[in-house]
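Peer 1: Listed in order, the protein sequences are those of chains G and E. 1119 is the number of the first residue of the first sequence in the numbering used here; add one for each residue after it. 1119 is the number of the first residue of the second sequence in the numbering used here; add one for each residue after it.
Among these hints, one or two may not hold up.
Just so you know, same-sequence chains aren't split out, so a pair can sit in one copy or run between any two.
Restricting the straight-line Cα-Cα distance to at most 25 Å, the calculated cross-link-like pairs of lysine to aspartate or glutamate (DMTMM-like) are [what the hints assert, rightly or not]: (1) Lys-1319 to Asp-1398; (2) Lys-1443 to Glu-1276; (3) Lys-1122 to Asp-1350; (4) Lys-1319 to Asp-1334; (5) Lys-1204 to Asp-1153; (6) Lys-1621 to Asp-1282; (7) Lys-1443 to Asp-1596; (8) Lys-1621 to Asp-1350; (9) Lys-1443 to Asp-1147; (10) Lys-1443 to Asp-1334; (11) Lys-1319 to Asp-1663; (12) Lys-1567 to Glu-1434; (13) Lys-1611 to Glu-1588; (14) Lys-1254 to Asp-1596.
These are calculated hints, taken from the structure and not from any lab test. Keep in mind it's a predicted model, so treat the numbers as computed, not measured.
Protein chains: 2
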Amino acid sequence: MILKVWAPAAKSVELVTAQQRHAMQSAPDGYWQIDAPDAELASGYRYSVDGGPPAPDPRSAWQPDGVHGASFVLAPFRDPGRFEVKDLQHAVIYELHVGTFTPAGTYTAAREKLQHLAQLGVTHVELMPLASFPGKRGWGYDGVDLFAPFAHYGTPQELVGFIDDCHARGIAVILDVVYNHFGPDGNYLGLFAPYLTDRYKTGWGAAVNYDGAGSDGVRSFVIDNARMWLRDYGFDGLRLDAVHAIFSFDAVHLLEELALAVRQLSHTTGRRLLLIAESDLNDPRLIRSVTRGGYGLDAQWVDDFHHAIHRFFTQESDGYYADFKGMADIATALRDGYVYQGQYSTHRGRRHGRRPVGILPQQFIVSTQNHDQIGNRAQGERLSMMLQPWQLKAVAALLLLSPFVPMLFQGEEWGALTPFLYFTDHENAELGQTVAAGRAQEFSSFGWKGEVPNPQSAETFGRSRLNWNELQETAHADLFEWHRRLIALRGAKPSAVSKAAVKFNEAEQWLRFAHQGVLVVLNFAAQTRRVPLPAGRWELVLRSDEAQARSSDDMPPNSTFVFRAL
Amino acid sequence: MILKVWAPAAKSVELVTAQQRHAMQSAPDGYWQIDAPDAELASGYRYSVDGGPPAPDPRSAWQPDGVHGASFVLAPFRDPGRFEVKDLQHAVIYELHVGTFTPAGTYTAAREKLQHLAQLGVTHVELMPLASFPGKRGWGYDGVDLFAPFAHYGTPQELVGFIDDCHARGIAVILDVVYNHFGPDGNYLGLFAPYLTDRYKTGWGAAVNYDGAGSDGVRSFVIDNARMWLRDYGFDGLRLDAVHAIFSFDAVHLLEELALAVRQLSHTTGRRLLLIAESDLNDPRLIRSVTRGGYGLDAQWVDDFHHAIHRFFTQESDGYYADFKGMADIATALRDGYVYQGQYSTHRGRRHGRRPVGILPQQFIVSTQNHDQIGNRAQGERLSMMLQPWQLKAVAALLLLSPFVPMLFQGEEWGALTPFLYFTDHENAELGQTVAAGRAQEFSSFGWKGEVPNPQSAETFGRSRLNWNELQETAHADLFEWHRRLIALRGAKPSAVSKAAVKFNEAEQWLRFAHQGVLVVLNFAAQTRRVPLPAGRWELVLRSDEAQARSSDDMPPNSTFVFRAL
Chain G
1119 MILKVWAPAA KSVELVTAQQ RHAMQSAPDG YWQIDAPDAE LASGYRYSVD GGPPAPDPRS
1179 AWQPDGVHGA SFVLAPFRDP GRFEVKDLQH AVIYELHVGT FTPAGTYTAA REKLQHLAQL
1239 GVTHVELMPL ASFPGKRGWG YDGVDLFAPF AHYGTPQELV GFIDDCHARG IAVILDVVYN
1299 HFGPDGNYLG LFAPYLTDRY KTGWGAAVNY DGAGSDGVRS FVIDNARMWL RDYGFDGLRL
1359 DAVHAIFSFD AVHLLEELAL AVRQLSHTTG RRLLLIAESD LNDPRLIRSV TRGGYGLDAQ
1419 WVDDFHHAIH RFFTQESDGY YADFKGMADI ATALRDGYVY QGQYSTHRGR RHGRRPVGIL
1479 PQQFIVSTQN HDQIGNRAQG ERLSMMLQPW QLKAVAALLL LSPFVPMLFQ GEEWGALTPF
1539 LYFTDHENAE LGQTVAAGRA QEFSSFGWKG EVPNPQSAET FGRSRLNWNE LQETAHADLF
1599 EWHRRLIALR GAKPSAVSKA AVKFNEAEQW LRFAHQGVLV VLNFAAQTRR VPLPAGRWEL
1659 VLRSDEAQAR SSDDMPPNST FVFRAL
Chain E
1119 MILKVWAPAA KSVELVTAQQ RHAMQSAPDG YWQIDAPDAE LASGYRYSVD GGPPAPDPRS
1179 AWQPDGVHGA SFVLAPFRDP GRFEVKDLQH AVIYELHVGT FTPAGTYTAA REKLQHLAQL
1239 GVTHVELMPL ASFPGKRGWG YDGVDLFAPF AHYGTPQELV GFIDDCHARG IAVILDVVYN
1299 HFGPDGNYLG LFAPYLTDRY KTGWGAAVNY DGAGSDGVRS FVIDNARMWL RDYGFDGLRL
1359 DAVHAIFSFD AVHLLEELAL AVRQLSHTTG RRLLLIAESD LNDPRLIRSV TRGGYGLDAQ
1419 WVDDFHHAIH RFFTQESDGY YADFKGMADI ATALRDGYVY QGQYSTHRGR RHGRRPVGIL
1479 PQQFIVSTQN HDQIGNRAQG ERLSMMLQPW QLKAVAALLL LSPFVPMLFQ GEEWGALTPF
1539 LYFTDHENAE LGQTVAAGRA QEFSSFGWKG EVPNPQSAET FGRSRLNWNE LQETAHADLF
1599 EWHRRLIALR GAKPSAVSKA AVKFNEAEQW LRFAHQGVLV VLNFAAQTRR VPLPAGRWEL
1659 VLRSDEAQAR SSDDMPPNST FVFRAL
């Protein structure tokens, strides 16, 4: 089998197997290659650059023994076939962490829960990162072997089985990929080529070299990686982690080049393939077409939507929540996605964002909970651990009937009471201690007085597992049913693209919004309220309470009504 | 008079005059202000932040005693009036360093040479930076008092007089401004506010904080600076130094905000105001309209044009010249401006640039010599010190009859034989030695074995002054006349926008290009050549030699012919 590795500055590269060392031949563009004996590869291989310590292949397909172990090649993949991905306009995304989604924490165990997701009405599952990272557990954002799925979740074939099963149930699968930095532990990339740069900084380590000398090879590395997940594994899209930390200050931004490559793959395969950016920039350039000066991604996350709702319901005002207040910001979020469109942000100490002109609602992915918003709290609390049941229902209606693409975080649909904590398993003990101490220090600097669970502890991981038994309880089952019915209503909306019409009265404590024939009315007051409806005839189709009111003339305290236009 | 200063983190700010200290009042957005007694201000003032050492005003209008001296306010400026700036399509820019343009090195002395420039046909003079920098001489790229013109060139009133005189002769005036870094010496900005950041690096010092906390104030600082030069002094445009080192990773790039502010000033005043970027990115985004995702600047420098021509004529191949070769690159430069449109650059070690789609020729400023290309050589040699007279004429024809906007460097029009060396006058002796040693070291690392003149030495500056007596000599006067006639031919081109039609034969050593009815034919061979003309009837209107040929049927060795379409 032909093996290739990029090591442009190397004077020699050897393939190292359990049996022997083989000198590799220099190939164009700084690559080295060899026709390796298949029998030897079967027990794993490494590369030695200039006689240095043997290291895993940067493009290793499989690291069964972890990020410090030998690399393995895989048998050819099946053709993923043509799967009809639903348009984002009709999508409901479900963010899923394989390790905590089920007690076993594997792809195979996750397959058994697909019936639950299908019943809920989920159209897209989004897997948190799979690129191999150190240890036996973690969120996955410190991946180092970008081409090798994390071995503790199952084999590559089991991952393929999970994806095929999702497809069989009409569910698309998106993968979270991290192209803004590589993890600190198990990172051998520097031995091979100029993957990293010190020209820019990220909060998580050295930035990736996308615009300096040698960056063509680095770009090929991540673009080939994106292609592999989509083409070989059959993923239907990628969620690009924190693109504001992808520094690509040249005439063609990495994201534009990536979007072009994925568009070409889409043409070749006839499959719809999605690119979704997590972005902190409130910059529509990411999702504008290239002809309009954009990068041509399909959609982006909008955190402002989350922050406006979180601030209103929890009344928390620290950190970025300081920038949000009251119903006016929820109304702006429902209308425009971005709350910050160029105005001054106290949290950032500068003006932030720009108007999302010419953007379609289905280009904005919104959530009211996700791995970061839950897991970056000291205690990893979900909204279900902070809010009343009526508030959870109101939040769900805001999320699931907004004009944007809603994303749920695993367990949100039944108000799971298990936390989602930050957990790691760094094999380097010193690094593990540094991470744990750094996290405690960080929260203490914010004035947090309580306990901060140790990320390295197995218990912290264990507590973060979903408890599916909760679904047997009436309150949880009721909340699941609420989510299911909202999603069904969302699915029945016609396809026309429009903005939400929002009206609210802060003094009277109500807010309503209408979008494509569906009207949501929220009474936040502790008493019965008459909330005026928009002109037209409206049929009440869903209500959060058990009382008998038939219209908004007397909405019970703390209630949410959903109407459909007649 | 009301004085204001931005010091957002200060607990107190005092106005310090020769007479006394006055506490200033806190004003919105982190500013401090005072109604200062005019009589005291007449002898200069400084500010003390939190009781610290008194420092010059970051927005000082005048630093007659240098960057470490007291700040002064100025009397109101005259209205610059409405001056009809020529369209860039018909422009010829002339880059001018006030300190070396004349023996006296002042604005007043420069006025006496305006007749020479008018006679040459110059439409725009571009002054190298005037923002106050340390010492008595320098290129000006280490400015620290952005609002105070360098005192050794003359008073602000004398600068105004120079600009008014240019306008009276129909010449517009552009100023080179440096917004990518501030100089190291005399830099008191850090005492006042977060002007700088360590998030990014430039080759010349800390990067400017355009996207972090407090960046709104920094943006106001530079945008107000741009407004001042244009509105108060009456400059017709700005040349923005090295915009590839302006790091502004947010939804609205500083350059877009600056362009908007200048467009608004243009509307208000009814004057045409230009923004020209020096850029190393080959990225048309800079000069695209905002509706097409651009920053909306008017034009940008194109270094590839220079490099392709320089490489061909000098055969130098070190540094970035390694990326260029032969007539093919000159032909691409003549057609598209950018030679690098996405292909691999050996010098950069990566792909570079993108296609300049939708860009007009008048958006590209080209030169075959400029302060950097001359002055960044160890010996500061001009092409006139490296090439034959026939080559200088060929270069001038390529430059002045190209479809783009040509820029000459002072003295280029007569083949001046004075070098333009790198010179400084850092008052900080240690910094001066570091600069001198650094420069010697830099050239030595490139393998340069010769002498590197000491930048700090007054002689280095003195040798860089133009010697106007050269114009009395026939060879120089002849070259001046050649430039004058090419410019006149350029001015006679019709206004239609089109690309150049270029054809060449490397083996036969000829190249020709036609643009809007003007045809340039270059015979690089040492023998007589028959160069085929394009279809049509062509009248020979200018020739570089004294021989009698009437057509290209027998072009003499090393000759340049210019034809006009009949």
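Peer 1: Check the structure against each numbered hint from earlier and tell me which ones fail, lowest number first.
Peer 2: Hint check: 2, 5, 6, 7, 8, 11, 13, 14 fail, others pass.
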